[in-house]
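Peer 1: Hints are included, so try docking the two chains, each in its own frame, into the full complex.
If you want the building blocks of each chain, they are given just below.
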Amino acid sequence: MTTEATVTEAITTARGTERRAGSRQPRLHRSVRRGSTVQRRSILLTIVMGLLALYALLPLFWLLVNSTKTQRALFSSFGLWFSGDFALWDNIVQTLTYHDGEFVRWFGNTLLYVVVGAGGATLLATLAGYALAKYDFPGRRAVFAVVLGAVAVPGTALAVPTFLMFSQLGLTNTPWAIILPSLISPFGLYLIWVYASDAVPSELLEAARIDGSGEFRTFFTVSLRLLAPGFVTVLLFTIVATWNNYFLPLIMLSESTWYPLTVGLNSWNAQATTAGGEAIYHLVITGSLLTIVPIVVAFLFLQRYWQSGLAAGSVKQ
Amino acid sequence: MTTRSTIRRWAGVAVAAALAGSLAACATPSGGSEQGSASAEEIAAALQKESSITVWGWAPQLEPIVEAFEEKYPKIDVKLENVGTGNDHYTKLQNAIKAGTGAPDVAQVEYYALPQFALSGAFADLTGFGADELEDQYTASTWGSVSIDGGVYALPQDSGPMAMFYRADVFEKLGLEVPTTWDEYIAAGQAIHAADPNAYITNDVGDAGFTTSMIWQAGGQPYAVENGTDVTIDFADEGSTKWADTWNQLVENELVAPISSWSDEWYQGLGDGSIATLVIGAWMPGNLESGVPDAAGKWRVAPMPTYEEGVAAAAENGGGGDAVLEQSKNKLVAYGFLEFLNGPEGAAIHAANGGFPSTVADLESEDFLGYESDYFGGQKINEVLVQASKDVVPGWSYLPFQTYANSIYGDTVGQSYANASDLNEGLAAWQEASVQYGIDQGFTVNGK
Numbered sequence: 001m002t003t004e005a006t007v008t009e010a011i012t013t014a015r016g017t018e019r020r021a022g023s024r025q026p027r028l029h030r031s032v033r034r035g036s037t038v039q040r041r042s043i044l045l046t047i048v049m050g051l052l053a054l055y056a057l058l059p060l061f062w063l064l065v066n067s068t069k070t071q072r073a074l075f076s077s078f079g080l081w082f083s084g085d086f087a088l089w090d091n092i093v094q095t096l097t098y099h100d101g102e103f104v105r106w107f108g109n110t111l112l113y114v115v116v117g118a119g120g121a122t123l124l125a126t127l128a129g130y131a132l133a134k135y136d137f138p139g140r141r142a143v144f145a146v147v148l149g150a151v152a153v154p155g156t157a158l159a160v161p162t163f164l165m166f167s168q169l170g171l172t173n174t175p176w177a178i179i180l181p182s183l184i185s186p187f188g189l190y191l192i193w194v195y196a197s198d199a200v201p202s203e204l205l206e207a208a209r210i211d212g213s214g215e216f217r218t219f220f221t222v223s224l225r226l227l228a229p230g231f232v233t234v235l236l237f238t239i240v241a242t243w244n245n246y247f248l249p250l251i252m253l254s255e256s257t258w259y260p261l262t263v264g265l266n267s268w269n270a271q272a273t274t275a276g277g278e279a280i281y282h283l284v285i286t287g288s289l290l291t292i293v294p295i296v297v298a299f300l301f302l303q304r305y306w307q308s309g310l311a312a313g314s315v316k317q
Numbered sequence: 001m002t003t004r005s006t007i008r009r010w011a012g013v014a015v016a017a018a019l020a021g022s023l024a025a026c027a028t029p030s031g032g033s034e035q036g037s038a039s040a041e042e043i044a045a046a047l048q049k050e051s052s053i054t055v056w057g058w059a060p061q062l063e064p065i066v067e068a069f070e071e072k073y074p075k076i077d078v079k080l081e082n083v084g085t086g087n088d089h090y091t092k093l094q095n096a097i098k099a100g101t102g103a104p105d106v107a108q109v110e111y112y113a114l115p116q117f118a119l120s121g122a123f124a125d126l127t128g129f130g131a132d133e134l135e136d137q138y139t140a141s142t143w144g145s146v147s148i149d150g151g152v153y154a155l156p157q158d159s160g161p162m163a164m165f166y167r168a169d170v171f172e173k174l175g176l177e178v179p180t181t182w183d184e185y186i187a188a189g190q191a192i193h194a195a196d197p198n199a200y201i202t203n204d205v206g207d208a209g210f211t212t213s214m215i216w217q218a219g220g221q222p223y224a225v226e227n228g229t230d231v232t233i234d235f236a237d238e239g240s241t242k243w244a245d246t247w248n249q250l251v252e253n254e255l256v257a258p259i260s261s262w263s264d265e266w267y268q269g270l271g272d273g274s275i276a277t278l279v280i281g282a283w284m285p286g287n288l289e290s291g292v293p294d295a296a297g298k299w300r301v302a303p304m305p306t307y308e309e310g311v312a313a314a315a316e317n318g319g320g321g322d323a324v325l326e327q328s329k330n331k332l333v334a335y336g337f338l339e340f341l342n343g344p345e346g347a348a349i350h351a352a353n354g355g356f357p358s359t360v361a362d363l364e365s366e367d368f369l370g371y372e373s374d375y376f377g378g379q380k381i382n383e384v385l386v387q388a389s390k391d392v393v394p395g396w397s398y399l400p401f402q403t404y405a406n407s408i409y410g411d412t413v414g415q416s417y418a419n420a421s422d423l424n425e426g427l428a429a430w431q432e433a434s435v436q437y438g439i440d441q442g443f444t445v446n447g448k
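Protein chains in written order, with UniProt numbering: chain A, 1 to 317; chain B, 1 to 448.
So that you can see chain B by itself, here it is in the shape it has in the complex (with noise of 0.2 Å):
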């Protein structure tokens, strides 16, 4: 476990490295290529002439998709390949789009570090291709991910609108309602900490995606980004704030699991009922059947708790899209694969193979918001999780170089958790430490 969290530090490092480089290329227009842009008709010609892509993604729905665009397309190779999952996959196409050769011509990248690729000048602006005109197909929020300083940089795939997953058995064997605000949810978690000093109401050790997440849906906006190189960095703000003081009380006061996410013990603590929720992005049903088999039947979903009662909020946490690299020599087929594997066609595989789609058509179909889950005990998750996706908080967005800051953030905000102080002291470390990189990397920062 150490050796892999120090592989992940390496990995930031390099990647932090090769980001130094690529701001350099910063300053040279993107777009001016001479595949910048293309008219339907030429995308549809350039689908039916001999050619290949290369794909880098990790998402196993991606398979089936190549599948069948190549069925529909017998003429395009398309070269699936996985080099990595997550940070793994972001240090790669850094360092290829540091060297300049060997970049995919499409790559699969999360909503969180997309802004990183995009104002870098890594990817290319699809509005050339006619992107813009697909907002419709895609919920606000997803759209909103990937529209980045006027351009569109990706298409997107899946999304993790968050809900709280919660397990039905352990509430009822102590009386409890299930939770519908924050004050309620910190309650609950003295109960059942108080019943059961091994158990808890939920896990967690310090995790950047999470806490961003978590600020989102309390209406935080601590990034801003103007221009591609303006950035502001505010931790202390209302919205942080606001999720800072609620969380403190669970943090302080020892109330949640100090399990790591994906680890032994937390795959154990969901199966046996010692972590009793999880608020979690909507694509955590299918890790749940295959990761925790034995705890089938026990689980359920409901709405995010919110800190007003009855006013119904959300984040998006995790999901992505795919994009197509500025250094690719195939781009109109590029896009043309993107078409299909982020339309409708790709996105009817993706659902059915547990992907939790961003596609307006595939959230709002008959099929899949009648959806009876078993492993759910019946319960007809996807109404809750497509709900969650409409009461997303509008007006996020994250930083330029996110995958660094996310990294230093065990040494931030993850000393508050470990010490069981208060986070907003965390929060201004990493805020801090994130104002610092941005200025040693070129960016104007202004951190308030």
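This is chain A alone, in the form it adopts within the complex (with noise of 0.2 Å):
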């Protein structure tokens, strides 16, 4: 859900930038024109953004209430509403101390996974993004092919190759078995290399070079500027992506220690269903719960710096 809709906006986001960027003067009238139409209020338009708003914030809403309840209230009171007693507190205290407090752990390979992972992954499609579109050298169109390619090849179908590979290699059930294969985004490069096309000004390159500027120099002091809308844009996906990782890690790893949040979670879910298990469903949502937190806070704050760059571009020249 989350995942599709960050795909949405950065789409069209990455059109709304090309479109700008290739408008500049001549077009200003047309666009102020359109700006009036937009604020034409639709009721339909309203009622349907409405009910999915609805439908994507209810089951938020029904995590909220649920995890403020006791295992035993859980399975005894309405869903969508909350039951007597206030066990939010409880609940997550004890998500954070259940059994050793192996959800503590979870949160921080996730954490480790997420900034190595989506970090990285995010710096090598920024720079090989800008390459392609700024450097022309022989073979371009070739990986232009392959990474078109990549992007229609879904993660899933790999999983299980990629774990017989890193089996040969000795790296299943080590970290470098989910951060490795989470540090290649094609969609990312892809992404960045539309941008850079029209955000970075092959020109403003030319006057960087005339002045003496090494091409490491360049990249990092003008063209990274210019380009942090669209780093922030794929560096919030493959945050996204490595966060919600699940297959993956699922069939890599079989050591508890390193599982991310995803599979663990799952692992506390699946105890209940065993003879003699402890069911603990109330901790399990309260950590999904926690589990989504800083998603939700990545997502806000890194919106902010998204936004504000669209504008600084959309105002330029």
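Treat the hints with care, as some may be off.
List of simulated lysine to aspartate or glutamate pairs, DMTMM-like, C-alpha gap at most 25 Å [what the hints assert, rightly or not]: (1) B:K75 - A:E255; (2) B:K79 - A:D100; (3) B:K79 - A:E102; (4) B:K49 - B:E63; (5) B:K329 - B:E67; (6) B:K242 - B:E177; (7) B:K329 - A:E255; (8) B:K329 - B:E81; (9) B:K173 - B:D294; (10) B:K242 - B:E432; (11) B:K380 - A:E278; (12) B:K173 - B:E265; (13) B:K79 - A:E278; (14) B:K298 - B:D367; (15) B:K298 - B:E172; (16) B:K242 - B:E425; (17) B:K242 - B:D422; (18) B:K79 - A:E255; (19) B:K49 - B:E67; (20) B:K79 - B:E339; (21) B:K242 - B:E308; (22) B:K79 - B:E42; (23) B:K298 - A:E278; (24) B:K49 - B:E81.
Calculated directly from the structure, the hints in this document are not laboratory data.
Peer 2: Below is the structure:
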């Protein structure tokens, strides 16, 4: 759900930037007129939007309500409203301390995978996308075809072959098994490529070269700033993808010490369905709530950069 | 919920894909490795030497048993890892077997999944270590489940002889007798649903484990395996039809709650009595106590209803044992651990932690039989459950690709449930799809 929403937004952003970059002065008049059309209200659209908002928010509401319940109250009270006791703080403490605090360990693992995996993926995608957009070299077309092809292959389909390969290398059951595959983001690369071709004027790079700046210095001091909105978009993406990564760690890891939150929470959930297993659904739900907090924060925080970046782009020249 | 079932399906596909490769390994003779056999003295000596083994399993009782083992054999380091429950665990196991490295030394395995690993040569035949002499320790039905094709591929841990758990308060309120035959059970189902349209005799949206266990009780033997690769699937046999015709009366008249087990609604129904009975394995009491604490004192247990008045019959539902992997480089210690885990010492700890044993000594012990469960209103539940373990109908076997077959159950028999139509048709579709898969995998499959 979240991922899909981000995809749509990012695509809109990419397109929007392209249009704006392409339209410079002559079309200013038209875009003003279009602005006034947007302000007209449509009841139908409002209703549709409202329904969609409800559809998206209802599960969140459910999560919030049910994380305040005890295991006992969970199955004996109405699902969409609070039960008598407010056990949220109690649940949080239990979640963090259950089974020697393995939740905290998983939280740390997820953070590691996100910082190194998503951060690395964004950096690599930016470097590569920029290079493909701004430098002319033999084989560029071939790289383009490979990247487009890679976008089309779902990660799930590659999980088992990746597992077999990592197993031969002796890397399964280590953090590398999660980090290395997450470092690759063909979609992020493509996005930066498209974005960089418009956002970074070649004239600017030439000017920098004439002033004696090396290519790396130009990239980090000039281009990267111009690429900021695209960079943040790709970062958001990869963060969400890594944070929610489930299938890959599921098959790569067998030691619970390296589990990310997704796989860990599922193992808690499955525990009740086994003979003599303790049912801890209240902790699964509270754990899920705690799991989405950082991603919501990251989204709100990064969105600010992303919007200011967009605005900066629109008034340039 | 949807995501979870999708993932499960993917996991099924992964198992299937991995299985395709592993069958090729079937041709190489198993047990040919240097550690294929050992005497009791050699095993005892190995346990006194510094070494380590890895164990994969999800049963909560494994942890205290491993602790006790390490205390007794301080030189052995046991790494216990919970890699997932049920299907997730088998996917990982199959992947590691396919990869040729990374599998544990010992793995938990449910009875239904055992033939798949045993017949493909992934698990070591334990007869070389003297496991065949342990037969008398275990119940006939669990021993039957681990003896495959002349070998012993696992030692039983827990068992799940089926019984009927029921809400005494619901039956009392409606003035109903507790059913002893399936005809009475259906009549009770009608009465309960007529008195309250939101109440049902039980829940069932179609579950492969439940269906196979019910056919087992009815005396059906739809699966037969000979020489490891000659498979027969026949859901038109007498027992299968007997079950389907009986259960049809509940399904076609929508007398079973359309609620899947282990869901929120399920726990809610078990708690408020709108699901009045569960015909399920003997391991259920612990799950009721922790999952539905509010219903304490309301549940009771009775023998499973039968087809013929007064002729007791039961089946196994769930339960499993532990096996040694062919890949293991430390088989002597792995087997030594297995003997502890599934022998008297491990079994005692297992039973003390809410497991239902498969060892005759524990099942017959005074303490166990005399235990009065507060949750069940002081009833001596183990008397009923142990009797069930003796009444299990002999002769059942599972398919050598049962985890895959179970994964396509929803598309076949599940459709009969969804449409409230004839279960025999669903079973025929399941048979057809299973036969096709077996043939694709290189088995000789005879679908009658």
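Peer 1: Return the numbers of the hints above that this structure violates; sort them in rising order.
Peer 2: none
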